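Protein chains: 4
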Amino acid sequence: MSPHPPEPPAVGDRRQRLWRIIFLSDTTAGRLFDAVLLVLVAASVLVVALESVAELQPRWGLTMARAEWVFTILFTLEYVARLAVVRRRWRYATSFFGFVDLVSILPSYLGIFFADTHYLLILRVFRLLRVFRVFKLAEHVTEGAVLLSALRASRNKITVFLVSVLAVVTVEGTFIYILESEHNPRFSNIPQSIYWAVVTLTTVGYGDITPVTVPGKMMATVIMLTGFSIIAVPTGVVTAELGREMARVRRRDVRCASCGWDEHDARALHCQHCGARLP
Amino acid sequence: MSPHPPEPPAVGDRRQRLWRIIFLSDTTAGRLFDAVLLVLVAASVLVVALESVAELQPRWGLTMARAEWVFTILFTLEYVARLAVVRRRWRYATSFFGFVDLVSILPSYLGIFFADTHYLLILRVFRLLRVFRVFKLAEHVTEGAVLLSALRASRNKITVFLVSVLAVVTVEGTFIYILESEHNPRFSNIPQSIYWAVVTLTTVGYGDITPVTVPGKMMATVIMLTGFSIIAVPTGVVTAELGREMARVRRRDVRCASCGWDEHDARALHCQHCGARLP
Amino acid sequence: MSPHPPEPPAVGDRRQRLWRIIFLSDTTAGRLFDAVLLVLVAASVLVVALESVAELQPRWGLTMARAEWVFTILFTLEYVARLAVVRRRWRYATSFFGFVDLVSILPSYLGIFFADTHYLLILRVFRLLRVFRVFKLAEHVTEGAVLLSALRASRNKITVFLVSVLAVVTVEGTFIYILESEHNPRFSNIPQSIYWAVVTLTTVGYGDITPVTVPGKMMATVIMLTGFSIIAVPTGVVTAELGREMARVRRRDVRCASCGWDEHDARALHCQHCGARLP
Amino acid sequence: MSPHPPEPPAVGDRRQRLWRIIFLSDTTAGRLFDAVLLVLVAASVLVVALESVAELQPRWGLTMARAEWVFTILFTLEYVARLAVVRRRWRYATSFFGFVDLVSILPSYLGIFFADTHYLLILRVFRLLRVFRVFKLAEHVTEGAVLLSALRASRNKITVFLVSVLAVVTVEGTFIYILESEHNPRFSNIPQSIYWAVVTLTTVGYGDITPVTVPGKMMATVIMLTGFSIIAVPTGVVTAELGREMARVRRRDVRCASCGWDEHDARALHCQHCGARLP
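Protein chains in written order, with the working numbering: chain A, -14 to 264; chain B, -14 to 264; chain C, -14 to 264; chain D, -14 to 264.
Incorrect hints may have been included.
[Unchecked claim] These stretches of chain B come out as covered by chain A in the derived footprint (C-beta under 8 Å, 3 or more residues): (1) 139 to 151; (2) 172 to 185; (3) 213 to 226.
These are computed hints drawn from the structure, not numbers from a lab.
Quick caveat: nothing in here was measured; it's all calculated off a predicted structure.
From the three backbone atoms N, C-alpha and C, an ideal C-beta is built for every residue, glycine too.
Isolated chain A, as found in the complex (with noise of 0.2 Å):
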């Protein structure tokens, strides 16, 4: 999920311009696309939502697949437009948006060549991953791209917090996989019980699996108190990486020359220390 949009056609080139509609959003036809992309992606999705309701299949399966195949064939010439602008098509192609894209509108394809089994069934089912079209469209937006952001500047500390906590529920499942599985069948096995720790780590707390006796019980206290320092190490981490991050867009980067006072509000003429004009 590269932040930056693919490479356009050389200067000079006629698609430059399509190029810049349908990649970028700087333009008022620009956002129109990226607005209509939206909806239909939003419309696409919920009705592949809908046709796995059986309920509704009765009335409204026809009028769901033909919808279907007007989604697909729009989508189709939007995957054909995208590759006839960007530079470098293979690399498109095998890009994360551009596998997405393809993937998205491939099942309805093949449903024509192969039976209706139920492979096809679950094949169908990857056209949802449209969805994941709403990031390329939030990177556009300013405030998606501070997110974006402070959790790309997050992401290796969440992934060291990721794996310790894996480290602490598989011990505190061991744990109470000794205190209870043999005065209860739902703590029959470790995996199961890591299982239970992750749910009760997390604070999620689906209640289908619960410690029955007096020591399963306390290990449960204990895992819980503890969950609640253990939840804070995320949102510390995103909220010291998005303050600093919102801080670095309102801050004015440039040293004054006399003083050398270098921290200066976005909208500041002169220094606020000395009163020396800024350059």
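Dock chains B, C and D against the given chain A, drawing on the hints supplied.
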């Protein structure tokens, strides 16, 4: 929900004083008006809520119906008073709070003309919208103003975030549908599976729908662990905005004598706009 | 819960030393007194809690009752000692902690005069209030003082927040009542529906009450997603206040005489901007 | 869990190089050693976890037992190698990670001498403690070091916080016991009621124990809403410490030529300790 009260009548108008009492709370009478209103809103909301409890009807039904009429008459007087003192009546009547004021008294009057049908019952419930007036009062309080201001500043980022979350739960719901639908009637269609993904990602975890297959549980584990990090985003946004908002209050509230710039760092010695020495 | 200990006896009074041991913890004897008290509180709380377990009564009932009498006598001696060394007895007796001290020993004595009725059983439970003494000790610790100070600073904002949340859950509970009440006996009245809205918004999600209709589930999805952002508010408030509180401890609040710079590290001897010696 | 590796052998010792590979990761061989170890730990943890699944035993039991022996031998070699290269063997053997290393290989050897009793089964599970080695590796990574450092700084505040939470849930559990115990067998004793209060306050919300009376539900509502604010405390602590830790990395890493002070603000022009001009 505009943060500003509606326009007052022209200066010299006798209604100016009444307007101040009703819409502001910078006088003793105004604060008393607000306090009485808050108690009335709380009491009327309680009565409407308790009227829906079937067990209380035989003994308290009549008393509650009478109390409801008292509240309706008081709120009607208040609505008429508000309309009477604002400069542009139509504008107030069509504003958010004007609409809430009307909708919360109408059901009682409609009940006279229509028979006691089911729709009327639902209509009655709209009287509970009176509770929204709390927000009108919240804006009077400094603390409320800071919170609202921070939430308003976070609005765009949180919208982008919620749209992204919708995309994420759609994909997650689809995958769990592929993994579970054959073995678990609870995941019989995609919308239901997306509902489960929302319940899981937000850590609500009712437990009415839970995965039963091993791949389904592994998928759930992944969703729960990533949800850990995703939930950190709105917290980070609100914390950063709130910190900024609270810092603004602490900032040096001094106006530059030569250029009029009035937003300076607490430590600034010179105006950051024109460079003049600050007083 | 005043953050300050009660007034000491006049200087020269022999009770001055005892007062220091009992109410402060800046001497070895004072710290020992606190440690012993903490262990006694923990042990007595454990005994009262275990006395309620019917399975333990036949074998351990008598032992626990005896232990309870030992604790009661020790806490009575402590209460008398506290009253003896403070300057204004009535003021201490009517303070929060004076009240807790009394209420937690009274039930045992009342049990002598009254027969063992159900009300006495409940009264006994009040001995568990001894656990509140932990907060009295928490104030002695620097870390506890910083946390309490941040929570005190957040108090007003969090009150405004909780009142707003009450308004939100009332409206949400009402809407889910309209959508579900006809099809789902769990949403049979509005207070119950508001209870469900609280369970959902706070992400507790017991699962004892869940929506069954499609519009009900859509409403639940909206509540869960908005709850995501709402839960961020108290976290943001506490984080911002805590950061401010922690920064206050580290920063030296001194203004440089030659350049006016007033933000220095706690260990700085010279102004970090102009190099002049700090006062 | 000391953040520092154990003491290396004396300079010039041939074991110096091996020590560097095993305990540090600043060489290619050291990083390779860490990577291989991480894969081995993950694989062995997976095998131990899967061995507890009864359904897999008939077909995969023998294969898993053999794989487990391979892992045991490899980890034994590693343990011997670690003991061989450190300067003080006893000190390493009694350290946290030395203990984990031993405890995770012992069960396999004990299995030879003892019959396959239930206790041995539990003993085997201790092999899962190998997963703790992940933390040993985490310290090698900068990101992990920052997180651990922030958590270490938060330790005291979070301990005070957890003790306070224990006091709060004790009181809350007691009150719900008074309100519910007569009508709801789920709240039959105080420890169970405290367990429920923990499940509710941490927003885990299994739903295996829920209040059924109206006062009980009102109490639950109060607990959930206050839990909203309480959960904000550890997040605030970790965020504040993490922000400080991350700021430390950004600080100007310059040493004053005249006094040697090396901790300066990024904007400092003069040494804040002796006042000399910084380079």
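Verification of the supplied hints:
1. 139 to 151: With 8 residues in contact (Cβ-Cβ under 8 Å with chain A), the coverage given for the segment 139 to 151 of chain B holds.
2. 172 to 185: holds (count 6)
3. 213 to 226: holds (count 10)
Of the numbered hints stated above, none is contradicted by the structure.
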